[in-house]
Amino acid sequence: MHTPRLRPQALPGLLVCLMLILAACGPTTTPTPAPTSALATAAATEAVNTEVALTEAPAATAETPTEDPGAGEPVTLIIARTASRTINPVGESNIEGAQNIDLVYESLVQMDGEGNILPSLATAWEPSEDFQTWTFHLREGVNFHDGTPFNAEAVKYNYERLLRVPGQSGGAWTSYADENTVEVVDDYTVIFHLTAPFPTLPMDMLYIRYSIVSPTWLQANATTADPEAMEFSATNASGTGPFRLVEFVPDQRTVFERNPDYWGGEPGGKATPQVDQVIFQIIRDPEAARVELEAGRVDIVEGPPPLQFEGLRNTPGIALIGFKVPRIAYLTMDVSQPPFDDVKLRQAVAHAINYDELMQAGELGFAFPQCGMVPEGLTVIVPPDPSLCLYPYDPDMARQLLSESAYPNGVTIDLTYAPDRNAGFEIEAQLLQSYLSEVGITANVQALDVVAQVAKMAEGAYGLSLFVWNAGIPDADDFPGWLYDQGRLPTNESWVGSFWNDEAVMQAMRDARGSTDPAERQALYEAANLQAMQEAIYIPLFQGSKVFAYQDNIEGLNYTVFRRLNIWDIVKN
Amino acid sequence: MKRLTFVLRRLLLLAFVLPAVSLITFTISRVIPGDPVALMAGPTANPTTRAQLREAWGLDQPLAVQYLIYMQRVAQGDLGQSFRSGRSVTTDFITYIPATVELATAALLLGTPFAVLGGVTAAVRRDTAWDYLVRTVIGLGISLPVFWFGVLLIIVFSAQLEWLPALGRLTVDTPIPPTITGLYTVDALLTGNFNTLRDALLHLVLPAFSLAITVVAPIGRITRTSMISALQQDYVRTAYAKGAPPRRAVYVHALRNALLPVITSIGLAYGLLLGGAVVTETVFSWPGLGFYVANSILSLDFQPVISFTLLSALVYVGINTLVDIFYSVLDPRV
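These protein sequences, in sequence, are chains F and B.
Letter 76 of the first sequence, counting from 1, is numbered 76 in my numbering, and no numbers are missing.
Letter 7 of the second sequence, counting from 1, is numbered 7 in my numbering, and no numbers are missing.
Heads up, some of the hints might be wrong.
Distance ranges between label pairs, derived from CB positions [stated by the list, open to error]:
id, chain 1, residue 1, chain 2, residue 2, range
1, F, 220, B, 315, 32 to 40 Å
2, B, 163, F, 420, 32 to 40 Å
3, F, 268, B, 179, 37 to 45 Å
4, F, 552, B, 126, 55 to 63 Å
5, B, 31, F, 96, 41 to 49 Å
6, F, 276, B, 179, 42 to 50 Å
7, B, 27, F, 430, 30 to 38 Å
8, B, 64, F, 224, 28 to 36 Å
Counterexamples of contact, computed for chain F against chain B with all Cβ distances above 12 Å [what the hints assert, rightly or not]:
id, residue
9, 147
10, 224
11, 231
12, 511
13, 527
14, 555
None of these hints come from the bench; they were simulated from the model.
Here the structure is a predicted model, which means the values were calculated and not measured.
Glycine included, each C-beta is placed from N, C-alpha and C at the ideal position.
Looking at chain F on its own, in the form it has when it is part of the complex (with noise of 0.2 Å):
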């Protein structure tokens, strides 16, 4: 063997380098068309509109040649998202699913971004005296997908099919009626005789699972296997909403198109989209779908993690925004049991905590400031209050609250987070573990997904426990109601884990639930939280936000209150 050698083993490093300094070359200036297709080439131009004369668009042109590829071009919306989840309003959990099924679905009500309550199927609705009878009007006019029209024999169908289906989760429904619940007056009117009082009705309706979908189309579908076409409405549609489902391929796109025969809408609620197409398009890498949105092959990317808005801030054409959420983050404790029955040491744990830092080095800025447990934008608005912000960063008072606590050597206690539930927990456990060392409290943190992490939870005396708490429905209820209200759900079966239980507090809550005075029911959660705060239950440390990057093109672009994205207000220039 004589061949000269090379050094070989520098051969890997090398071509390593060369792909790095090849992919080092500086963010992606001048998006060119994509080679692969039609639609690609078209979404990457109008993505740079200016340049779009100047480039020349090889696939693009060889089938629809256009030189304004603004005007008559369908304009479709492309959505990158993590997962695809289902398009079945009965069954489906969780908010991603919940957004797919707004775009089609609609219920009697719906809600506008500040939280109120709209006509949507039904026009108008009156209760009874006692909250136990409800009357419907129905909006006329309206047909389903299918093209069969919507009406009272349609709400009942559906309505009576909720108490039929298994799996189905959010609402009351099934606790308030039977099968003898809906009749139908009319063509147009719908009456609802329920079993108990249930002033909130008209607020529970905005739960998906109450979304009207085709009686004629469920049943066409309906096998003998699957008599309420259950797996067939896990990716097919018809319901009366403004777009209408054209392709449903898990994990791999969902496509929608304009409904041009949707009724218009109510002011403020859903409307005629804007745009021609939406596509969700599912990237599950974070990375990858950075890449895709600054080739201009994305519109918008859903949820960014807080790693990326530096670089994507400074991207060029690209846009950042957060909106505010009904979210808390929040640290929790068992208050019934030692060592945080002790009120002097959860006070210690929350002067301990420097929350602007936390919100910083966590959350990048996509945080707001939280006393209290009620966040912004409920319905019944607790408003901010100073007076519930009672313990400011201040560590000298935390180790002397702790040095007249039982436990003035210190203590050392569980540290357990959900990575899954929030990005920037993996950072805040780590900050929440140096701050609480300062003044001297020893806590060993914990990574554990959140169904370990609740049913630790449920145990008791499980030390601290880095939580966050959604609105499934942007109401006081889903706050103080669970939060302060430890009975509402057997510990088994319950994520709150403070083990408060003031009866009286617990009984205030109730009545809140039940009560229909607004000033009555903010007057009840304001006092709840009060004492919360004094005797320090929770330590909330944010309000969480909702995170988009975008194309600058892109206008219009609101997430609701209501945790859903406004895509029939979205314009794309």
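We have chain F already, so just place chain B on it with the hints.
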């Protein structure tokens, strides 16, 4: 007769291995702390809903009963329900498997010729620069993390050079061909849909390449080792001695004998690939089995995970049994 006993014994073993695998995965998935209903229903579902869910999913039964019910259903071809997709796991598998088969086949077709050719030539020119090159590429293939290398490929070839698409099976507006096999390339070809075919092929390049480099590396290594030992055999020396041209000595006499373990390793690599390449499929958003199972794990959607594990075990044990039987046919000493 002896061979028949051997085969029967292997099949009997199979009958024990599969229930054992299912029992272990089932138990693990159910004894980890936490209640799947808590996740399905969310924090604010009422007790009625929870009870309904628990009953619908059979979670109100004792663990042993749950397992028996599950195995009974599996025997009837019912792999359970996925609450994430809202469909039966069988339907989901049918949806996701073709993507994995397509990617695995492409990766194997792309990588195997290079691996075998590289391994053979490296063995023939042992300790030359070429041999070192092949060995370093093999080393890289084994050690490069896909989550890094895949993203690097995307950045270079998709974002910077814009030569190739990086995500999914088709561009978002390319129509999906009518389902015949579920493999987009094959279906597009069969239906004469050449734009889709081109798009599907382009989408295959990066994930297949990234998968090929990791999976064919072991094939290259085995080829090289097996070839080196074959080249040292007496019959090769004899071939040379009787004046056979070196090409014939290498490619006919040595290679034919060296190929047996190579073919085995190709078979095993294919089996491995069919199990779904979780990381590659995730990086390239390739909606195959690996992607499906990774998402199921993240959503704590147990049914698909258990059934997938069972299926993988079946494929693995099946391939191993086939290989064993194949060996017993070729080598009477087994």
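Hints, one by one, checked against the model:
1. Checked against the given bound of 32 to 40 Å, the beta carbons of residue 220 of chain F and residue 315 of chain B, roughly 38 Å apart, stay inside it.
2. Distance hint check: the CB atoms of residue 163 of chain B and residue 420 of chain F are about 35 Å apart, consistent with the given range 32 to 40 Å.
3. In this structure the supplied range 37 to 45 Å holds for residue 268 of chain F paired with residue 179 of chain B, their Cβ-Cβ distance being about 43 Å.
4. Range check, residue 552 of chain F to residue 126 of chain B: Cβ separation about 59 Å, and the 55 to 63 Å hint holds.
5. Look at residue 31 of chain B against residue 96 of chain F: about 29 Å separates their beta carbons, and that is not inside 41 to 49 Å.
6. For the hinted restraint 42 to 50 Å between residue 276 of chain F and residue 179 of chain B, the CB-CB distance of approximately 26 Å leaves it violated.
7. Distance hint check: the CB atoms of residue 27 of chain B and residue 430 of chain F are about 34 Å apart, consistent with the given range 30 to 38 Å.
8. Our hint of 28 to 36 Å for residue 64 of chain B and residue 224 of chain F holds, since their Cβ atoms are close to 30 Å apart.
9. With a minimum CB-CB distance of about 24 Å to chain B, residue 147 of chain F clears the 12 Å threshold, and the non-interface call stands.
10. Every C-beta of chain B lies more than 12 Å from that of residue 224 of chain F, the closest at about 14 Å, which supports listing it as non-interface.
11. With a cut of 12 Å on Cβ distances, residue 231 of chain F falls inside the contact zone with chain B, its closest approach being about 5 Å.
12. The Cβ of residue 511 of chain F sits about 18 Å from the closest Cβ of chain B, beyond the 12 Å cut-off, so the non-interface label holds.
13. No beta-carbon of chain B is positioned within 12 Å of the beta-carbon of residue 527 of chain F; the least distance is around 22 Å.
14. Under the 12 Å C-beta cut-off, the non-interface status given to residue 555 of chain F relative to chain B holds; the minimum distance is some 22 Å.
Comparing the model with each earlier hint shows violations of hints 5, 6 and 11; every other hint is respected.
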